[in-house]
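Q: The whole structure should be built from the sequences, with the hints applied where relevant.
Number of protein chains: 4
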Amino acid sequence: MIIVFKQNATVEEKTKLKNQLESKGFQIHASDGVNASLFGVVGDTSALDINLLRVVEGVEKVMRVQEPFKRANRMFHPEDSIIDVAGRKFGGKKLQVIAGPCSVETQEQVTEIAKDVKAAGATLMRGGAFKPRTSPYSFQGLKEKGLDFLKNARAATGLPIVTEIMSPYMVERFVEDVDLIQVGARNMQNFDLLKELGKTNKPILLKRGLAATIEEWLMAAEYIMSEGNENVILCERGIRTFETYTRNTLDVSAIPAVKRLSHLPVVVDPSHAAGMWWMVEPLAKAAVAVGADGLLIEVHNDPEAAWCDGAQSLKPDRFAKLMGDLRGIANIVGREL
Amino acid sequence: MIIVFKQNATVEEKTKLKNQLESKGFQIHASDGVNASLFGVVGDTSALDINLLRVVEGVEKVMRVQEPFKRANRMFHPEDSIIDVAGRKFGGKKLQVIAGPCSVETQEQVTEIAKDVKAAGATLMRGGAFKPRTSPYSFQGLKEKGLDFLKNARAATGLPIVTEIMSPYMVERFVEDVDLIQVGARNMQNFDLLKELGKTNKPILLKRGLAATIEEWLMAAEYIMSEGNENVILCERGIRTFETYTRNTLDVSAIPAVKRLSHLPVVVDPSHAAGMWWMVEPLAKAAVAVGADGLLIEVHNDPEAAWCDGAQSLKPDRFAKLMGDLRGIANIVGREL
Amino acid sequence: MIIVFKQNATVEEKTKLKNQLESKGFQIHASDGVNASLFGVVGDTSALDINLLRVVEGVEKVMRVQEPFKRANRMFHPEDSIIDVAGRKFGGKKLQVIAGPCSVETQEQVTEIAKDVKAAGATLMRGGAFKPRTSPYSFQGLKEKGLDFLKNARAATGLPIVTEIMSPYMVERFVEDVDLIQVGARNMQNFDLLKELGKTNKPILLKRGLAATIEEWLMAAEYIMSEGNENVILCERGIRTFETYTRNTLDVSAIPAVKRLSHLPVVVDPSHAAGMWWMVEPLAKAAVAVGADGLLIEVHNDPEAAWCDGAQSLKPDRFAKLMGDLRGIANIVGREL
Amino acid sequence: MIIVFKQNATVEEKTKLKNQLESKGFQIHASDGVNASLFGVVGDTSALDINLLRVVEGVEKVMRVQEPFKRANRMFHPEDSIIDVAGRKFGGKKLQVIAGPCSVETQEQVTEIAKDVKAAGATLMRGGAFKPRTSPYSFQGLKEKGLDFLKNARAATGLPIVTEIMSPYMVERFVEDVDLIQVGARNMQNFDLLKELGKTNKPILLKRGLAATIEEWLMAAEYIMSEGNENVILCERGIRTFETYTRNTLDVSAIPAVKRLSHLPVVVDPSHAAGMWWMVEPLAKAAVAVGADGLLIEVHNDPEAAWCDGAQSLKPDRFAKLMGDLRGIANIVGREL
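Residue numbers (numbering that gives the first Met the number 0), protein chains in the order written: chain A, 0 to 336; chain B, 0 to 336; chain C, 0 to 336; chain D, 0 to 336.
The set of hints was computed from the structure by calculation and includes no laboratory data. Take the hints with a grain of salt, since some may be wrong.
Because identical chains cannot be distinguished in the list, a pair is counted as satisfied if it fits within a single copy or across any two copies.
Unchecked claim - Distance condition first, Cα-Cα at most 27 Å in a straight line; then the derived DSS-like pairs of lysine-lysine:
1) Lys88 to Lys23
2) Lys144 to Lys93
3) Lys60 to Lys92
4) Lys114 to Lys93
5) Lys69 to Lys5
A: Listed below in structure tokens is the structure:
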């Protein structure tokens, strides 16, 4: 951490701060220039609050040198983490594909789609039971009943279940019934929920917030990991930009960035990013080409009649065809699917 | 709502959609142009899911004409709402000023600051007991003990308490002890929390999300109101932009915009927007000049020793001086403080 | 175009506007609902100024139904445009790869790199002679001398030249010497320059502005095309987002979006988007996978000694290896390279 | 400037870089920590290209300590600059108000409005002769004839002329006829135009780019100043954010930020930021309250018939009334108007 002093900072101010930091176990390397004078603070600065330093008399600004995340940081964990979700391994050579409808509607619907996506090569299934909707007047999900339908579909196909949690009240039930618990973009900084999930040992799929930086996303992972649960899989699902033609802008550069900064696996959700089914296919290909560890794709057998987000769902036959292309691209970039 | 058809949409597709919408009670006004053919959908479209229509065969795009919020909408409630918080009225001629430390630290600290800000003219006090921090390694607040300190400070000064809630588990306790329950920017779309608060009758201070549009913010208010609690006060606290010199960018234009779209009162938090105490004063003046119904200002008696966000806290004497200037500006724009 | 009236708009106001628009040759389809009353304006509205209508007494808001661009619009030109640059065809089955250094430094440097990239399969070469730099104190390019070096390199390799223009003063010289004239991101809305280039018949490579929407980008293309020059190739080079780890965020979804909205070819510059050489490779693969018509890649034989942007330059051997992978991905998505 | 090394950087790599920088006259202060090792580079680093250092073998990242602008920097010029525009002084105690129509339409129109705004207290007049429009099919301005009309209006009222330049071809004519030459937001990084204007001694009104940071804006000022022309007045006119209700988001915090970083005067254009006349008034008040050195306000005597941007123009009587309120606020914040 670098502390830059104001031009008129006094020797007393600097000495006071130096003593304070040294008493906390940090080493100080001072450097005086013509226009700027600064301290290099050496030690584990991740718990040092940058805002507390900015207010110190004489300090102009404070800059971090190291990332503020520790358990998620590749520096302290150079090998890729492999997260096991009911036997499916995220982060290794093989890519995992999670597919299914935006929301669970009926037992028939979810079981049928689960069979279709399994036949096409998907290795896990998704389906929303609790739905975070912008409007309180939109369909909010089948809730507990939706979980039951998912369990039956799992029994019928063997595909592990991925579904979103919205409230700490539901943690116990999800731990019991769900294989990979999704935290949605709008809850990425719902810190109380993250902490509760950190106390379980279930794999967590942590979606990136709509306007979150990569650092904030990794700090959200750190919230879960700091409570003891290191089974975190990241999910890029598009960020908000000025572009309104697409629902969100898929940030493919986040994939190589995250893989350099962290050891955690990262998958891509092209469906929410695009918001339009015809764009899901090229984005899915781009995601595999750029090095994602897996995909999360919405598939519906009757998109026009879907209760939610039909516009961005692929039909099972298009999904099957897409899987073929993805397999080819995966091979070229040294992966399997 | 306007539905624009594709150039190659068939008569059958249009007829099918027309019948479907009419069966739901909407009227359809069709209009055919050279390059575009469209439907005007007449009726209460707030519960109509725009994404369900986008996926219909033949549809090119769907555009809303009316805002999707109803209870928060000034169209259906032309007069300003006045929200009563323990006798302090938000939304009328008189501005309300909420002041206090970022976080509650000790009983002495919070009581002393409460006395100082009351003497300077503040009408409510604030102080964080539960703190949403980007890092799990930063101070997370005194929690329940912090609430006790706030209650004692209220007993000593008579100032109503404003403090942030982070979890649905705490709703009962907050309803008991707090006068104005704050929902922070990171929880603006924590829909489960909003619904729980909607079932109470406590006034809610709803902060705007870091990258939220005004429409999303009002839809978050709608979540609370749709459950029956119409006591919502909005709080602009800066939005994320590319500018890194300030912590966030205070969006003063949101004030006249919200007041035109909605009947709810809106206050401004210049402290979080600025992130630097010397910028709080000009921003507070701008907020009053632009027409805000109140302010939320961080004041600390010893910012250098603050446990959190001292950099953006005013000392009591600066706050008192600022209040004088704000009073003058309020008078010029036809308000009182 | 849809004109939405205020609730209290009078019959006189509506009749006056109706007559006004009809006298300009538009047809008006009126539609009256409970909460909103509106006009559908039928005809070629691309020249109708939306802001002039917004100010009319009684009007609440105005919404476009059709895109404001015409010559760039696929609706009026359903087939893909193929742009010929000295025999290299952009927009057909075969992808074009433009490679070379960020800035032209010496004759030896540019000729040697041109030979290297040609050997690896590049079909055009790039090199900056006029450099738009954020700081006036940074190297501004070799200017005219740089153009001479590029011409000599072309003579030595046969590769057509792509280089950036910054001033209308240079149009004549560029038309004489350059094969594909690049307009940089910062000049995307330098309308006077666009108009001058529209009066030539040279192919133009139009980079997307740092914070431009797809519609603004296509409107910039329209500026060139409306003057008569329809030889426009678009170039996605990353947009500004909150993410600071990468220089810019490559918007891969812009590729399928542009190809749906417009008939113009679109290429991708992964080097400027990433700002770091190790990220150029995965982004280039993603660009081909998503359907780009070509790539613009920075290659330098001695990045550490480069005068500009060495950090994002590939060395020739890495570039050659990358070309192999790109070829494989191109085949999978039905293209050639 | 701080150079952070990779964990595996070798002594040779560090020594090589140290020698290289010392040979350019910089002093190096090295600091070695457990997880990071770094160099503090002491000297005038404003001409040091950060991207050239990032590519050096062993370097992880490079961080600036000092701002990259020099002539615009308050550190080297602690007093406020006062810029004289035909006798009107920008940057002193008195605020300057520039008012007039968006575009010059007829001699009668511009002269009449000039008289109106003068009567209301405006001290300079504005009017667009060359108009940068998003669409090539929109009205592009009266061009030279517009300049003639402005000159006649100046002769009739004595108000100095402020108008926008779009092309380097027009510099000579503008220097001859215009009192304050405006560079529009879209040309903020049209570096060739900035350099040409830097060779004159005319005052320049430099608008902030739509998505520009404060640092980029000051670097654009630096482009003009580095050529010798230090008569630069900055103009905040709203930045692009996700909010679509307003045309742009007026960044009032940029005013205190710029005044702390730079000695240059800064004025505010609330009309372009708002895009709606009823919002211009509260934003203008906020601008004065926050400390702006002046305002740029669109006034039209017949907004409904305006050729451009009528929606955001005030009528002369509203403008006159607004001026009264602004005077009151100016007095409270220690200024005059």
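Q: At most 27 Å between C-alpha atoms: does Lys88 with Lys23 qualify within a copy, between copies, both, or neither?
A: neither (42 Å within a copy, 47 Å between copies)
Q: First find the shortest C-alpha distance between Lys69 and Lys5 inside one copy, then the shortest across copies, and answer within, between, both or neither for a cut-off of 27 Å.
A: between (31 Å within a copy, 17 Å between copies)
Q: When no copy is named, should Lys60 and Lys92 be tagged within, between, both, or neither for a Cα gap of at most 27 Å?
A: neither (43 Å within a copy, 30 Å between copies)
Q: Within, between, both or neither: how does the pair Lys144, Lys93 come out at a Cα-Cα threshold of 27 Å?
A: neither (33 Å within a copy, 50 Å between copies)
Q: Measure nothing new, just compare the shortest in-copy and cross-copy C-alpha distances for Lys114 and Lys93 to 27 Å and report within, between, both or neither.
A: Classified as within: same-chain Cα gap 21 Å, cross-chain 39 Å, threshold 27 Å.
Comparing the model with each earlier hint shows violations of hints 1, 2 and 3; every other hint is respected.
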